Amino acid sequence: MEDGFSLAPEAIKAWCDRNNIQFIVNEDLGQLGIPLPLGKGYLLRVLPRPDRHMMTLVVPLPVKVPPALINEVSKATALANSATFMGAWVLNHGKGEIYFRVTLPTRGVMYDDEGFKWVLDVMVMSLRSVVPALGRILREGAPASTVLQPPQAPKAPAEPKAE
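With the first letter of the sequence shown counted as 1, position 40 gets the number 40 in our numbering; the numbers rise by one all the way through.
Don't take each hint at face value.
[Claimed, not checked] Okay, derived cross-link-like pairs now, BS3-like style, lysine-lysine, Cα gap no bigger than 25 Å in a straight line: (1) Lys95 / Lys64; (2) Lys64 / Lys40; (3) Lys64 / Lys75; (4) Lys75 / Lys95.
Just so you know, these hints were derived from the structure itself, not from any lab. Because the structure is a prediction, the values reported are computed rather than measured.
Whenever a hint applies, use it, and build me the whole structure from the sequences.
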């Protein structure tokens with residue numbers, strides 16, 4: 001590990017063990033799942049692509065896009081992609097699924113613990129910046145451009161008026 005590690009499922013399992021991070025293994029698919037600190041249902045899936053010398057890290061959002069909102073959410077993911085420096089927002093039109101993914105090279109590239117953690121941190125920051133806006137689009141019918149606005153801070157309760 002002195003010189004780093006290549007992105008392979010066994011190396012990522014070892015990284016999780018070294019950093020006390022829980023993970024789930026799907027032996028049938030050769031995939032890992034790492035729970036993210038974003039709430040229930042947010043699982044980073046580690047998808048090896050050895051034939052392409054790549055590793056895809058993907059986070060499916062725990063929502064289903066209703067057919068009536070597919071066009072607006074499609075515009076929102078395109079806008080989010082225009083402002084995202086690393087990764088891609090994807091809408092599966094047929095299934096109504098949204099996910100965020102980052103694909104990394106595995107050939108001739110070595111990662112260290114801090115570098116891989118940085119990749120995961122960037123993904124979490126991207127999710128935290130866009131997911132609330134996607135939620136407003138789905139719940140309130142907000143426009144697609146909502147994804148380009150800074151996340152809204154929770155509002156403090158109104159102060160009672162003095163009489």
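Self-check item: Hint consistency between Lys95 and Lys64 [alpha-carbon to alpha-carbon, up to 25 Å]
Solution: Status holds; Cα separation ~8 Å.
Exercise. Would you mind confirming whether the straight-line C-alpha gap from Lys64 to Lys40 stays at or under 25 Å?
Key: Cα-Cα ~15 Å, so holds.
Quiz prompt | 25 Å limit on alpha-carbon distance, applied to hinted pair Lys64 and Lys75 | solution = Answer holds: Lys64 to Lys75 is near 16 Å, not above 25 Å.
Quiz prompt | 25 Å Cα cutoff - pair Lys75, Lys95 | solution = Holds, because 17 Å separates the two Cα atoms, which is no more than 25 Å.
No hint from the list above goes unmet by this structure.
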